[in-house]
Amino acid sequence: MLEIKNLRVSYGTDAVLTGVDLEIKAGETLAIIGESGAGKTTLGLSIMRLAEASVTGEICFKGKDLLRLSGDEMRALRWDAIAMVFQNVNNVLNPVHNCLEQVAEPLVAHRHAGKKYAREKAGELLARFGLPRQRFKAYPHQLSGGEQQRVLLAMSLVLDPDLLIMDEPLSSLDVTTREELGELLKQNGGSNARLVISHDLDTAARLAGRLAVLYGGRIVETGPTVAVLENPRHPYTRALVRAYPNMTTVKDLQGIKGRMTRPVSGCAFHPRCTQAITKCKTEIPPLVRHEGRAVACHRGGIITLLATENLARSFGAIKAVDGVSLAIAAGETLALVGQSGSGKTTLAKTIMGLHQPQAGAVYLEGKKVTDRKKAFYRRVQMIFQNPGESLSHRLSVLELVTEPLDIQRIGTKAERREKAIRTIGEVELSTEERFLDTYPHHLSGGELQRVAIARALALDPDLLIADEPTAFLDASVGAKILKLLLNLQENRGLSLLYITHDIAAARKVSDRIAVMLAGKIVESGPSARVVAAPQQDYTRRLLASAASLH
Amino acid sequence: MHISLKREIKRSHFGQAGLAILALVVIAAIFAPLLSGYEPTATSVNSLQAPSAAHWLGTNHVGQDIWSQLLYGARTSLAVGFGVGILSLILSIIFGVSAALIGGIYDQIIMRIVDALIVIPMIIIVILVAAYIRPDLPVIILLLSALSWQGGARVIRAQALSLKQSGHIAAARGMGAGQVYVALKHIVPDLGPILLVEFIYGVRRAVFIQAGLAFLGIGDPMQVSWGTMMRDAMSYSYLNVWQWWLIPAGVALSLTIIGLTFVSHAAESVLDPRLRGEAVA
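Sequences listed follow chains W and X, in order.
If you count the first sequence from 1, you need to add 2 to reach the working numbering.
If you count the second sequence from 1, you need to add 60 to reach the working numbering.
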């Protein structure tokens, strides 16, 4: 129905869209998602040829390139075949016509229909969009926002356009109206194609079967809405989902570091991306299709940072880790949940090479880890269960945090010191000389844990394995530590393997949960799913015994 | 775990007494030339004299000044004592810590060597070896060191094995630290008190054995030493001047050993009682 190829739109020297490719089939609803300023509305206006900008590329509507049509030809199509519901409701309705006249008018104007027929048709549509019959004669200023939106939607459908573009159709509505109108829009779908433009993931999820994520003037990810929202592949899509308050995800909200800037060379998202490589700065990634989805990313979307394959380690007859396969994506939190003795710590230590695995392998970015050299530890760091024990009592705070840099021989002495102090600041500890010279036995539990975290972060690892980081802390301090870890994840793109017996804490900080019992992973999946619909009895038991205030 | 060893030893009465005695011996050794007007090896015609104003402790069979010999004998005892103490401690650390860290077959081999050395009486080997090579003082020090590290190695290995399990060592490994780094930065510093006790123990044993060897006439007979003095004095026991000759050397040796014992006793009390059992064993 509609096919857009390499659409570029710029206002003067400001390039808003820099090569958009899209396709909408008849009867399909596609949602364009993006932050404000991403160029969503411009895209809609460009299709309508209403954008006052220089537009290049191709917009093929039923085989005709809209950009090559004359003004008259376009006028014939506009509203008749392609209609658009604008974002700002208040200015669109004509204040001197009542609802019925507003909706009937296009029929009269475009189709030369008789007034009576037009009103009948309009009334029917208005009723379908839930406007009470006695409000038909009301004037726009007498309507509530929701009612105005109903009128607008009825109006846009009255000519039965082949393509309907809706810019933020539900955004200004309250949740119950939104729900009702969303349902009505779906019911009154018909065979037309629809393009929903929204910054609101909920709107997209309600209305659209397919989703395209727009960032910095390009599509960065497309695919079926459910798949994209549940398992985003592009770092930006995942960040959007994480920032969106909803009832499905259970993890705490996280923002996206930095802000959108233009123009950006290479991948538009690279300044905010946590897995950017040098190529991302120079080359624009193409949108690559794979199994009905597409991602524009040089790294093929969110990478799998660390994976284990059938890892096994036993102590005598006890199989502490018994064939565990896990995968941790860059920038995600995987919570490893299980009772004590289930092998969580052994698994962590085996990944770290502190225990030799008896079978299986560990892969770092797809490469098998055979010999743990210093380079491995630069990328993977661990926070041990008891910070008091894991910090040598002979070293001061500064020496402790400098130690990994000393071991790895990074930089000069002065640089190491500076880096250590910066990291200490990053974990929200004092960087005063007096604190730096303090020994661990003079620190509180929370401070000890922060020092341990700072020490692990000094090497700028990509993966942090946190073994019960809050087990020795009281609730309020523990909460701060978890918040800190999440903030570090937001800012550094840190992947976390969060080991805990506490599924209540796990659901707050993790994207995915893996439940471990007697050395095996018995269940794993998105945190929301594991918590809401556990598949295993053991998971149900864990959930039932988790902390609750009722 | 933050215990000031110095403070603990100074606080204990045993420690104070021991340190005072050792200080005396050290001063005597260092300032020997100032405290005596005679060369210890200078002979004279005034042999076998009782104490007098000229010779405070009398003279021996070839007319050497006993006070002077006593002072210079302290040098020999301390040189051997501290030399062996340090060398054998270094060997103990190297073998004990490496056995604990490396483990496996290496550990087995080292520990069997330790067992063998513990079973074989050191003094017999030293006598046999010395009989052949007529060792001078540095060789005695090397020989005693090579034969007296085993006990310390065993204690240090046991402690290093338990330290090996501690969190901060796992953490250091998790930063990519190698064995040598872990040994030097994390294990040896934490052995602190044990090392001191082992060291003093080694010094004490070496002082005693050196005196014994000299008494038996093993080693350089020209070397001024308390053992040699006692041996020479014993051979003149039929004359009634020998006591002026024998007793000062015996008292000096006993005092030195008592001083060392007191200090090691004070140092041990600093340690965890659990460790104390091992350190004494």
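It is worth saying that the hints were derived from the structure and are not from the lab.
Using N, Cα and C, we set each Cβ at its ideal position, and we do this for glycine too.
Incorrect hints may appear among the rest.
To be verified - Only some residues are given here: those of chain X computed to face chain W with a beta carbon under 7 Å:
(1) Ala230
(2) Ala231
(3) Arg233
(4) Gly236
(5) Ala243
Structure-based check of each hint:
{"no.": "1", "hint": "Ala230", "result": "6 Å, holds"}
{"no.": "2", "hint": "Ala231", "result": "4 Å, holds"}
{"no.": "3", "hint": "Arg233", "result": "6 Å, holds"}
{"no.": "4", "hint": "Gly236", "result": "4 Å, holds"}
{"no.": "5", "hint": "Ala243", "result": "13 Å, violated"}
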